[in-house]
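Chemist: The chain contents come next:
2 protein chains.
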Amino acid sequence: MITTNEYFNGNVKSLGYVTPNGKSTLGVMNAGDYEFGTSTHETMIVVEGEMTVKLPEASEWVTYKAGEAFEVDANKKFQVKVSAQTSYLCQYK
Amino acid sequence: MITTNEYFNGNVKSLGYVTPNGKSTLGVMNAGDYEFGTSTHETMIVVEGEMTVKLPEASEWVTYKAGEAFEVDANKKFQVKVSAQTSYLCQYK
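Which chain is which? The protein sequence lines are A and B, in order.
Numbering of the first sequence is given in the working numbering, commencing with residue -15 and proceeding in unit increments.
Numbering of the second sequence is given in the working numbering, commencing with residue -15 and proceeding in unit increments.
Simulated from the structure, these hints should not be mistaken for laboratory data.
Heads up, a few of these hints could be off.
To be verified - Below 20 Å or equal to it, Euclidean Cα-Cα: the simulated PhoX-like pairs (lysine-lysine) are: (1) K60(B) to K77(B); (2) K7(B) to K60(B); (3) K38(B) to K61(B); (4) K49(A) to K7(B); (5) K77(B) to K65(B); (6) K49(B) to K7(A).
Said to hold, decoys possible - On the chain B side, residues computed to face chain A include the following (Cβ under 7 Å): (7) I(-14); (8) K(-3); (9) T3; (10) S8; (11) L10.
Unchecked claim - Selected chain B positions facing chain A (Cβ under 10 Å, derived; list incomplete): (12) Y1; (13) V2; (14) T70; (15) Q75.
Don't be surprised by glycine CBs; every beta carbon is placed ideally from N, CA and C.
Just need the whole structure built from these sequences, with the hints factored in.
Modeler: This is the structure in structure tokens:
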């Protein structure tokens, strides 16, 4: 089954699926500022565009471009700013 | 705007968006055999999983793994087989 998810009034949409390595989502964000919460460890990989991210407990914002990745532990919040439509792969592992 | 598309009774779903380089879709396919038609030139990049593809006018099937890409000209048909959920990025350029 491929799940379809919408967040932030449709400004973030994702498709969920399963690989031999675990659950993944592919998603797209419209330009905007978002705060996400994790329930498991997540690895986020930028597919196209770029995201400026403030990781949990971080004091600085860091920009990740296409092909770059960051990780977030379970039960944390992190903030993301995007200035144009940006796509990502999120692996729950 | 992020468009949501479904094909083949929901066995292929995709999200459409726009980058400075043109239109893109991120998609997921369930296990199955599919025939797709192009209306513009497409570059397909496997994100996770693998696709076995018979390109237009090709006589052989070729398997593309995560990170690998193939291109299809406009107004062509190509066939894809996937044996497990597989995700892709399609760039319309």
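Chemist: Now look at each hint and say whether the structure bears it out.
Modeler: For each hint, the structure was consulted:
no.	hint	in the structure
1	K60(B) to K77(B)	14 Å, holds
2	K7(B) to K60(B)	18 Å, holds
3	K38(B) to K61(B)	9 Å, holds
4	K49(A) to K7(B)	18 Å, holds
5	K77(B) to K65(B)	23 Å, violated
6	K49(B) to K7(A)	18 Å, holds
7	I(-14)	5 Å, holds
8	K(-3)	5 Å, holds
9	T3	5 Å, holds
10	S8	6 Å, holds
11	L10	4 Å, holds
12	Y1	4 Å, holds
13	V2	6 Å, holds
14	T70	8 Å, holds
15	Q75	8 Å, holds
In terms of the numbered hints stated before, the structure departs from hint 5 and from no other.
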